[in-house]
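Enquirer: Here is what each chain is made of, one letter per residue.
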Amino acid sequence: MITITQQGEYTTIQDQGRWGYQAYGMPVSGAMDRYSSQVANILVGNSPEAALVEMTAAGAAFKFDEEQLVAVCGANMQGEIDGRPVENWSAFVVPRHSELRFSTALSGYRAYLAVRGGIDVPTVLGSKSTCPRAKVGGYEGRTLRQGDVLYVGQAIVSPAKPYWLHPQYIPHYSEEVVLRMILGPQDNMFTTEVVDAFFSSVYKVTQQADRIIYGLKGPRVKPIGKADIVSDAMCQGAIQIIANGTPVIMTADHQTTGGFAKLGSVIWADLPFLAQAKPGDAITFACVEEQVAIDALQIESNQYHEIVNLAHTKK
Amino acid sequence: MREVLSRVKLLIAGEHGLVVEFGNVISPEINGLVQQLTRQLNSSAITGIIEVVPTYRSATVYFDPLIINRQTLAQIITQLLGDMQPHDQNQLNPRVVRVPVCYGGVFGPDLEFVARYASLSTQEVIALHTSKPYLVYMLGFTPGFPYLGGMSDRIAVPRQEKPRQKIPAGSVGIGGYQTGIYPIESPGEWWLIGRTPLKAFNPQSQNPFLVSAGDYLHFSDITIDEYFKIRRAVDEGTYILEVSAL
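Chains H and F, in that order, give the protein sequences.
Just so it is clear: in the first sequence, position 80 is 80 by the working numbering, and no numbers are missing.
Just so it is clear: in the second sequence, position 66 is 66 by the working numbering, and no numbers are missing.
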């Protein structure tokens with residue numbers, strides 16, 4: 001049993017998302033940073049899809065009833081067990097009756113706490129992810145609050161022990177992020193001059209850097225005619241150009257459909273870096289071909305296998 | 001029909017998305033093709049397809065590019081489109097779902113405004129609103145929110161300029177030439193004319209969503225007593241949805 005003793009700024013339970021219901025208007029949700037969340041699960045021997053805790057900007061505090069193997073990955077939120085610092089990107093034991101406490105993110109924006117066995121909450125429409133807008137999933141369909149009690153599940157795929165991730169697998173979070181993107185599906189609504197200007201501009205993340213949308217401040221991206229289209233589907237990472245020419249990026253809990261033109265989509269391998277960008281950070285976009293995105297996905301997939309194997313073999 | 005199919009565009013929505021765009025307008029014919037392709041893709045269980053999202057005039061296929069590549073997927077889709085027959089659309093066999101609505105009063109605080117705007121009596125507004133089934137073109141905005149087509153232009157009222165922050169779940173509204181149900185409490189700028197005791201989104205239920213894209217939805221006028229009676233049955237799980245053929 002784990003009791004939330006401090007709720008943090010925006011703390012939810014997530015897994016790898018609620019796929020299969022977008023045709024009904026149901027957002028996919030899931031961990032914003034797929035890489036950090038999966039690595040945290042791997043480090044404690046869970047399935048990469050196990051439910052874990054996602055913390056944003058400023059972390060929560062957790063009181064443990066029993067000894068638990070946990071892992072922390074993603075933003076560095078200066079974790080401490082009863083005042084002693086713990087290592088980010090590692091798995092460690094939290095002793096019985098002790099408190100694991102996080103504070104402000106020093107680098108990155110979102111941190112993941114995985115517990116061996118996974119967080120045990122009901123599966124709703126095939127997922128344990130919290131979608132507060134629809135009031136489903138996670139803990140009563142809402143963000144975690146002080147006093148909430150979490151239970152730990154059983155589904156474990158492999159043995160695990162305290163382990164420090166090799167530095168080669170630890171991403172570096174910068175305040176200047178380059179996101180690779182693929183053009184489409186409505187890039188033909190913009191002139192080449194406008195598209196070129198977009199790629200040579202620097203955008204700042206606005207205060208809206210949440211699980212629904214990332215707002216960007218910078219040069220306008222004016223479409224040839226009107227910005228609105230007959231509504232169609234939009235995926236996570238889609239860069240939508242809203243009426244006044246402002247680009248916004250769709251994140252985990254975004255609406256499944258929308259009526260503005262989409263210039264392109266951030267490639268999946270770079271979405272974890274978007275998730276770790278905070279208000280004020282600078283973003284530039286690099287246009288890539290689809291094959292670059294697929295190669296990057298393959299590399300990411302290989303890394304998971306390497307980490308699984310290393311985590312098992314290390315003495 | 002053949003002409004429409006020859007103009008279909010396959011567009012890229014990131015490395016995980018393929019958009020099959022049938023046109024650029026809202027029409028039952030184009031949407032029928034969207035529904036047809038969506039059904040075929042869903043029933044053919046192609047390895048690597050994650051899900052298909054039908055909208056007004058396109059179907060977006062989400063896929064895992066490490067399992068199926070875009071070229072293969074495009075070939076399969078082109079083949080399916082090539083085999084589509086005009087008469088197939090009649091075989092979509094759409095369901096018509098009856099949606100009881102208690103109009104006016106506290107449930108429909110804007111009914112009188114809509115009537116005044118349209119120079120009709122409230123009874124005439126209700127009669128027009130319940131006069132025929134509406135095609136569910138797509139779902140989006142919030143879970144279970146149906147985009148309906150075919151409302152009478154005699155009761156079209158421009159949307160409110162300032163959205164209400166909290167519209168209760170089940171509210172039935174009119175905005176421009178559109179009408180629909182708010183499945184969950186959300187902000188919105190439609191004029192509220194009534195409320196249904198049914199749950200358009202009920203994650204606890206076997207069938208969490210009241211309607212699917214391609215269905216028809218037929219509103220019917222009920223009294224406040226019937227509202228509460230149906231509501232109780234819905235909460236107890238004993239309500240039987242009235243479904244008929246078009």
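If you're looking for bench data, these hints aren't it; they were derived computationally from the structure.
Treat the hints loosely; a few may be bogus.
Here are the simulated BS3-like pairs of lysine-lysine, each with C-alpha atoms no more than 27 Å apart in a straight line [unchecked claim]:
| id | chain 1 | residue 1 | chain 2 | residue 2 |
| --- | --- | --- | --- | --- |
| 1 | H | Lys222 | F | Lys162 |
| 2 | F | Lys9 | H | Lys217 |
| 3 | F | Lys162 | H | Lys135 |
Enquirer: Does each hint fit the structure? Answer for all of them.
Expert: Each hint, compared with the structure:
Note on Lys222 (chain H) and Lys162 (chain F): the hinted pairing holds, with a Cα-Cα distance of about 26 Å set against a maximum of 27 Å. For the hint linking Lys9 (chain F) to Lys217 (chain H), the alpha-carbon distance of about 32 Å lies beyond 27 Å, and the restraint is violated. Pair hint Lys162 (chain F) plus Lys135 (chain H) holds up; C-alpha atoms about 25 Å apart against a cutoff of 27 Å.
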